[in-house]
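Counting along the sequence shown from 1, when you hit position 58 you're at 95 in the working numbering, and nothing is skipped either side.
If you're looking for bench data, these hints aren't it; they were derived computationally from the structure. From the three backbone atoms N, C-alpha and C, an ideal C-beta is built for every residue, glycine too. Treat the hints with caution; some may be incorrect.
As the list claims (entries may be wrong) - Quick list of the computed label-pair ranges, beta carbon to beta carbon:
{"id": "1", "residue 1": "118", "residue 2": "77", "range": "15 to 23 angstroms"}
{"id": "2", "residue 1": "88", "residue 2": "62", "range": "12 to 20 angstroms"}
{"id": "3", "residue 1": "118", "residue 2": "78", "range": "27 to 35 angstroms"}
{"id": "4", "residue 1": "43", "residue 2": "105", "range": "16 to 24 angstroms"}
{"id": "5", "residue 1": "49", "residue 2": "81", "range": "15 to 23 angstroms"}
{"id": "6", "residue 1": "99", "residue 2": "78", "range": "16 to 24 angstroms"}
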Amino acid sequence: MVQGVGFRYFATSTAQDFPITGYVRNLDTGDVEIEIEGAKDDVSGFLMAIKKGPKWANVATFQIEWKKYKNSYDKFSVRYK
């Protein structure tokens, strides 16, 4: 559950540190979904930072699903549903 802790802002800010593209969005379940594309080292670095989360949040669970690169995005953004 991440509502109210600024996780989407944190993810967007963190994405600026890596040359990745994709999106972050809150799900109706209270979870957050992030889909990103980029070089494996950049994706891994982003994921390491995201696993820690912002200082006022506690990331309890984290799931990763690796998929084939599709070049679907031109930037990293917040999606609203």
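Against the structure, the hints:
About 29 angstroms separates the C-beta atoms of residue 118 and residue 77, a value inconsistent with the hinted range of 15 to 23 angstroms. Between residue 88 and residue 62, the C-beta spacing of about 18 angstroms keeps the proposed range 12 to 20 angstroms intact. The beta-carbon spacing between residue 118 and residue 78, approximately 31 angstroms, falls within the hinted interval of 27 to 35 angstroms. About 32 angstroms separates the C-beta atoms of residue 43 and residue 105, a value inconsistent with the hinted range of 16 to 24 angstroms.
Taking 15 to 23 angstroms as the suggested C-beta distance range, the pair residue 49 and residue 81 conforms, at roughly 19 angstroms. Range check, residue 99 to residue 78: about 19 angstroms between beta-carbon atoms, so the 16 to 24 angstroms window is met.
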